[in-house]
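Participant: The listed protein sequences derive, respectively, from chains A and F. The first sequence begins at 1 in the working numbering and counts up by one. The second sequence begins at 101 in the working numbering and counts up by one.
The hints are simulated quantities; they were obtained by calculation from the structure and are not laboratory data. Accuracy of the hints is not assured; some may be wrong.
The calculated label-pair distances, taken between Cβ atoms and stated as ranges, are [to be verified]:
#, chain 1, residue 1, chain 2, residue 2, range
1, A, Gly42, F, Pro193, 51 to 61 Å
2, F, Ala164, A, Leu22, 52 to 62 Å
3, A, Ala91, F, Gln384, 52 to 62 Å
4, F, Arg126, A, Arg31, 36 to 46 Å
5, F, Val332, A, Gly42, 23 to 33 Å
6, F, Val335, A, Gly40, 31 to 41 Å
7, A, Thr89, F, Met273, 34 to 44 Å
No residue lacks a Cβ here, since even glycine has one placed at the ideal position from N, Cα and C.
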Amino acid sequence: MRTVPVACLTIVAEAVVEARLLRDLETAGVRGWTVTSGQGRGTSHIDASDWEGANVRIETLLSTTAADRVLAMLSQEYFPRFAVVAWVTPAQVVRGDKFL
Amino acid sequence: MQAALDTVTSPAVLAFLLGVLAALLRSDVRLPDAVHTALSSYLLLAIGLKGGAGLRQAGVGEVALPVLAAVALGIVTPMLAWVVLRALTRLSPVDRAAVTAHYGSTSLVTFTAAVALLDSRGDAYEPYAATLLAVLEVPGILVGLLLAGGAAAAAGAGRAEAVREVLTGRSIMLLTGGLAIGALATPSSYDTVAPLFVTLFPGVLVLFLLDLGVLAGRRLRDVPAAGPGLVVAAVVIPVVNGSLGVLVGTAVGLSPGGAGLLGVLTGSASYIAAPAAVRLALPQANPAYYLTTSLGVTFPFNLVLGIPLYFALARALG
Numbered sequence: 001m002r003t004v005p006v007a008c009l010t011i012v013a014e015a016v017v018e019a020r021l022l023r024d025l026e027t028a029g030v031r032g033w034t035v036t037s038g039q040g041r042g043t044s045h046i047d048a049s050d051w052e053g054a055n056v057r058i059e060t061l062l063s064t065t066a067a068d069r070v071l072a073m074l075s076q077e078y079f080p081r082f083a084v085v086a087w088v089t090p091a092q093v094v095r096g097d098k099f100l
Numbered sequence: 101m102q103a104a105l106d107t108v109t110s111p112a113v114l115a116f117l118l119g120v121l122a123a124l125l126r127s128d129v130r131l132p133d134a135v136h137t138a139l140s141s142y143l144l145l146a147i148g149l150k151g152g153a154g155l156r157q158a159g160v161g162e163v164a165l166p167v168l169a170a171v172a173l174g175i176v177t178p179m180l181a182w183v184v185l186r187a188l189t190r191l192s193p194v195d196r197a198a199v200t201a202h203y204g205s206t207s208l209v210t211f212t213a214a215v216a217l218l219d220s221r222g223d224a225y226e227p228y229a230a231t232l233l234a235v236l237e238v239p240g241i242l243v244g245l246l247l248a249g250g251a252a253a254a255a256g257a258g259r260a261e262a263v264r265e266v267l268t269g270r271s272i273m274l275l276t277g278g279l280a281i282g283a284l285a286t287p288s289s290y291d292t293v294a295p296l297f298v299t300l301f302p303g304v305l306v307l308f309l310l311d312l313g314v315l316a317g318r319r320l321r322d323v324p325a326a327g328p329g330l331v332v333a334a335v336v337i338p339v340v341n342g343s344l345g346v347l348v349g350t351a352v353g354l355s356p357g358g359a360g361l362l363g364v365l366t367g368s369a370s371y372i373a374a375p376a377a378v379r380l381a382l383p384q385a386n387p388a389y390y391l392t393t394s395l396g397v398t399f400p401f402n403l404v405l406g407i408p409l410y411f412a413l414a415r416a417l418g
């Protein structure tokens, strides 16, 4: 099958910022995502979210330029303040126009 | 003394202490997150329904003055907390504001435990008291965030987000929604849901406090890091604000039970609505300070000593 290269952006964040983060992703032009909740521990040792669920993991497929744009936004708005990590991995998809 | 003993030997408080002990022994007794969320929703709705049913019986004239008093207390008590924190700790202005917001707001579970205690003793109190809980929940958080002032100017956008979070958060929605449902429902239709929301209530509270004990016990490990000044402040603030609540409650004509409950409300610290709001509005504040004080020190203090103290003061004044 013919596949198209896209970027898979994964963001793991403390649950309290989930709503705000998803709004910012939408503003940045991201059209779809999957959110799962999980548990973990990070270098910031911030455990403010006993009441809000532990962590959320947000995954989305998008173009490399869009992923760069989101990473720049995260670097400015989130990394200095909140417990958030993000990474980009290459992915191959069919129906490339759905994500680009 | 007997009142303190009654409080400590209630199943709810003993379950809380069991949770604390389990956390200290690193035993795994926590309820699943989803169950915890469901139980807290149940408690919020049940307290709201009960208060709403009380509201229906009371006239507007009877409720107006206590509600105004609660609003005033919601503004004054965080300021007192701010002053005590400045005198006793060396927290940065942002950390101090974050802790202040927690003491300005109030604790559903502390209130619930106090109501359960009054019910078990058959003591009278104003049935609409939960209305005061809903009124007190919000202003204190706002005052705390305003006190952060210039130090948190950078987080201006976060403040609006935090206000939205408080107003649309689960605790305010379910509590005010419950009050409205309770006030609108006819007595006979209320009776049909009473077995779930009234009869089972004390038992569910025991289960919830067990889980809360584990969370508080985990916070207890952070107490040494918070420093002695902050721990002392976490006991002084509830006594000061709680006593003020009892005084004001008595002055506006509440019964000793009702004035004691107002003291419990002003003397308790939030750990549901406030942490989420503060985390969004003041992300630079250290959560270890505000969660350790509100959940690790003040909540257990109030549960065991604060509640009997406020009721004793209310009876002495009433």
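Participant: Now tell me, hint by hint, if it's right for this structure.
Facilitator: Against the structure, the hints:
1. A:Gly42 <-> F:Pro193: 51 to 61 Å: Taking Cβ atoms as reference, Gly42 (chain A) and Pro193 (chain F) lie about 26 Å apart, which means the hint is violated.
2. F:Ala164 <-> A:Leu22: 52 to 62 Å: violated, 41 Å
3. A:Ala91 <-> F:Gln384: 52 to 62 Å: For Gln384 (chain F) against Ala91 (chain A), whose Cβ atoms are near 35 Å apart, the range 52 to 62 Å is violated.
4. F:Arg126 <-> A:Arg31: 36 to 46 Å: holds, 44 Å
5. F:Val332 <-> A:Gly42: 23 to 33 Å: holds, 31 Å
6. F:Val335 <-> A:Gly40: 31 to 41 Å: With Cβ atoms ~33 Å apart, the hint holds.
7. A:Thr89 <-> F:Met273: 34 to 44 Å: holds, 38 Å
The structure does not agree with the numbered hints 1, 2, 3 stated previously, though it agrees with the rest.
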